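Visitor: Sequence:
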Amino acid sequence: MTEWAGRGLGVIATMLVAGSVGCGEGSPPAGEQADTSTGADIAGDATDGSSPSDAAGDDAVEPDAGPDGSDGGAVTQVSDWCDAVRGGSPGARDPLNDLARAHVGQRLFGPTADWLGADATLVGLLDADDALQSELVATYAGAFPDVCAAEATDTSDAAAAVTMHGQVAVISPGTGAVTVPQAAERLIIDLRIAASDDDIAAALGLSLEADLTVGERRVRAFHGFPAQDTGWTHYEASTETLPITIAGTGDQDRALVLITPQRLSPAVATWVGALRLAGRAAIAGHDVHAAVAESWWSGVGHNGLAWRACGLSVGGVRWPDIIRADLETTSLDEVLQSVSSLSNLGPVLGTTNRSDLATYARDAGLPGSELSRGAMRAALLVAYGTLDWFYAYFDLVGRDLDDALLTALDEVDATAPGDRVAMKRIMGRFMHDLYDGHGFYWDDASEDWPDGWMALQIQQIDGLPVVRRSLTPGIEAGDTVLAVDATPIDQWYEEAMGRYSAASDGYRFVLATDELKEVRGAPQWELRDPDGVERVVTAQAASWDDVEALPWGGTDRPSGWLSDLGAPDVYFVNMANAVTPEHQGVVAELASAGDTAAVILDMRDYPYLDIYEFARSFNPEHFSAPLFGFPTWRGPWSYALEFEAWEFDPAPHVVDSPVILMVSNKSVSAAECFAQMVMGLDNVTVVGQQSASTNGTITTAWLPGRWEITFTGMRLLNPDESEFHGIGVVPDVEVTPTPAQFAAGVDPELEAAVTVLGFGD
Numbered sequence: 068m069t070e071w072a073g074r075g076l077g078v079i080a081t082m083l084v085a086g087s088v089g090c091g092e093g094s095p096p097a098g099e100q101a102d103t104s105t106g107a108d109i110a111g112d113a114t115d116g117s118s119p120s121d122a123a124g125d126d127a128v129e130p131d132a133g134p135d136g137s138d139g140g141a142v143t144q145v146s147d148w149c150d151a152v153r154g155g156s157p158g159a160r161d162p163l164n165d166l167a168r169a170h171v172g173q174r175l176f177g178p179t180a181d182w183l184g185a186d187a188t189l190v191g192l193l194d195a196d197d198a199l200q201s202e203l204v205a206t207y208a209g210a211f212p213d214v215c216a217a218e219a220t221d222t223s224d225a226a227a228a229v230t231m232h233g234q235v236a237v238i239s240p241g242t243g244a245v246t247v248p249q250a251a252e253r254l255i256i257d258l259r260i261a262a263s264d265d266d267i268a269a270a271l272g273l274s275l276e277a278d279l280t281v282g283e284r285r286v287r288a289f290h291g292f293p294a295q296d297t298g299w300t301h302y303e304a305s306t307e308t309l310p311i312t313i314a315g316t317g318d319q320d321r322a323l324v325l326i327t328p329q330r331l332s333p334a335v336a337t338w339v340g341a342l343r344l345a346g347r348a349a350i351a352g353h354d355v356h357a358a359v360a361e362s363w364w365s366g367v368g369h370n371g372l373a374w375r376a377c378g379l380s381v382g383g384v385r386w387p388d389i390i391r392a393d394l395e396t397t398s399l400d401e402v403l404q405s406v407s408s409l410s411n412l413g414p415v416l417g418t419t420n421r422s423d424l425a426t427y428a429r430d431a432g433l434p435g436s437e438l439s440r441g442a443m444r445a446a447l448l449v450a451y452g453t454l455d456w457f458y459a460y461f462d463l464v465g466r467d468l469d470d471a472l473l474t475a476l477d478e479v480d481a482t483a484p485g486d487r488v489a490m491k492r493i494m495g496r497f498m499h500d501l502y503d504g505h506g507f508y509w510d511d512a513s514e515d516w517p518d519g520w521m522a523l524q525i526q527q528i529d530g531l532p533v534v535r536r537s538l539t540p541g542i543e544a545g546d547t548v549l550a551v552d553a554t555p556i557d558q559w560y561e562e563a564m565g566r567y568s569a570a571s572d573g574y575r576f577v578l579a580t581d582e583l584k585e586v587r588g589a590p591q592w593e594l595r596d597p598d599g600v601e602r603v604v605t606a607q608a609a610s611w612d613d614v615e616a617l618p619w620g621g622t623d624r625p626s627g628w629l630s631d632l633g634a635p636d637v638y639f640v641n642m643a644n645a646v647t648p649e650h651q652g653v654v655a656e657l658a659s660a661g662d663t664a665a666v667i668l669d670m671r672d673y674p675y676l677d678i679y680e681f682a683r684s685f686n687p688e689h690f691s692a693p694l695f696g697f698p699t700w701r702g703p704w705s706y707a708l709e710f711e712a713w714e715f716d717p718a719p720h721v722v723d724s725p726v727i728l729m730v731s732n733k734s735v736s737a738a739e740c741f742a743q744m745v746m747g748l749d750n751v752t753v754v755g756q757q758s759a760s761t762n763g764t765i766t767t768a769w770l771p772g773r774w775e776i777t778f779t780g781m782r783l784l785n786p787d788e789s790e791f792h793g794i795g796v797v798p799d800v801e802v803t804p805t806p807a808q809f810a811a812g813v814d815p816e817l818e819a820a821v822t823v824l825g826f827g828d
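Quick note, my numbering runs 67 ahead of the 1-based positions in the sequence shown.
Calculated from the structure, these hints are not laboratory results.
Owing to the predicted nature of the structure, the values given are computational and were not obtained by experimental measurement.
A portion of the hints provided could be inaccurate.
To be verified - Within a straight-line C-alpha distance of at most 20 Å, the following computed SDA-like cross-link-like pairs (lysine to any residue) qualify:
{"id": "1", "residue 1": "LYS491", "residue 2": "ASP515"}
{"id": "2", "residue 1": "LYS584", "residue 2": "ARG566"}
{"id": "3", "residue 1": "LYS584", "residue 2": "ILE556"}
Please work from the sequences and hints to get the whole structure.
Guide: Take a look at the structure:
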């Protein structure tokens, strides 16, 4: 047995809860209100009026009595915490969107942290053909010990009221402010009317002269979404302890009695239980279940799920499972008659058998590879739920992903279980609507591989793929691809680009082009050379050496002086990893050269050199890298973007001559990060094409069926705090090459850079 009485609770702090102090209620992102009348009916709207919890086997449900106590005072206590939870608001989006968010939330923040096991359970629930049309909310809750289904409820909009009974003030929480008469020595707050959590918090505050910390909650905190593979991750999970504070607004401390109904919202259960354990309030009516107080509410259609999301304690000692009522009655008359004796509170006794917060393991293992219909559905729900919690750009890119989930689930229903190729296309179309250049997906159990790859460097010109360089027989530099296997190339790209996520159309074209270069069988390519002559060739796979010999973007020209271009005093730096993997040699040569007419930085490929150290050679003053914003959750109700700023001093030698920064549609992530640190300098001119418009460290999530997705795990801003995602690096001088230039072996962007500097032709 654990003895509970008023303990030393000296720490007073302000809760980080928006609109609630308890373990409150879930809601969609701000500004989003979906039409809940469409999509699969998983809300549990039975025609006989039963709720999901009724279907799960409720004990007898006792109707809440009004403040007049007309029920006669009888109380039927319940032993199952699911019978003691009051549902919150209904879902605001399609029920499947809300269910996906709830599932990922409870498996990340809930006590067990067994995300692999939770996903496997979800797969089993979704295997039946009609799983999405059945009483899924109740079935789902029944499969998890720390989840309950309940009917969503609306709060009363009745006005708050105070009535005096001698020296006792009885408060009915509601809308509007009330004043406690000076003559009132004791307060009774009747919680049987379904007032909002905010209105109840305001009523509770009238019993306290000052803010009161009445305990603490242990929560699982996520500083970004930790990558679920076994490699390095930029993000972390931990357990934190946060205070529970009730804001005092009264003119004095008054003895308090709380009349409780059978069902309480998580927030109200938190306050009632905490006040009783602190010895600051008596409970008349129904017991308070700690599991309810530790829960978060997720509306799903017209019903919803309450799922445990924190561990409550006082002075480091966990709450007992049940905080027993001091007086078992719902009659106001009986409470008034007993109010004096209720002021002499004894200790709270009770056992603690519910599960505690386990340690979260991001790399807990691999999901099963079987691709049943349930696994296909669950993969999409888990992907959506993970992104819904942690993708930080929805306010910029919109919420097309909401409808994309529903469309993808419909496509799964029309697909044979186990069809991994079809699932890959479904997953691609879903991820497209994330609009994130790091939004990749792949099938870790796939056996569908191309026969090989063509050794081609292809660039978009006026919406068409043009060969920039080729080591593939029969395909020449300057060729424009017109059709593949008799499919016009614009149609091919329209379909392919619909399966890739990107923050810019240019980078989406790049990703689709990587697929175009795959060889499966004997694809027939229709080509047009720069002179307008058309031909058809059978595309062939090249050797892997030839594939790797071609640069992905830009050129393989070595770093050095541009004497061959008529600019002997201009130093060219090829920042591609294959050419310049380290920056030290370039820095040393620039420093030893003394005065240089100009420097051209070719950032059209991907760098592996230390971009932060190299940027010091171009910034004459103290400078900042881009700002890294971590989506940070402390439990499911406290969210903030927590930014890091990495700052640097100039290098011993700083280039002060004109600088050209060359970028392309393939300049992505680290390439853009370097650009962000130099493109605002007065001596820098940007030449080329818009960059990929995606920066920030990626993270990974495993999905049922052995699928994996990646996405940008942070909100990244320019050093001046302006937005970058979807905007990218915009050239001061935009270059549009021609097929003839490629056929002649010309580097159009480099020649344009030399021309901007006043050299060459």
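Visitor: What are the numbers of the hints the structure violates, in ascending order?
Guide: Per hint list: zero violations.
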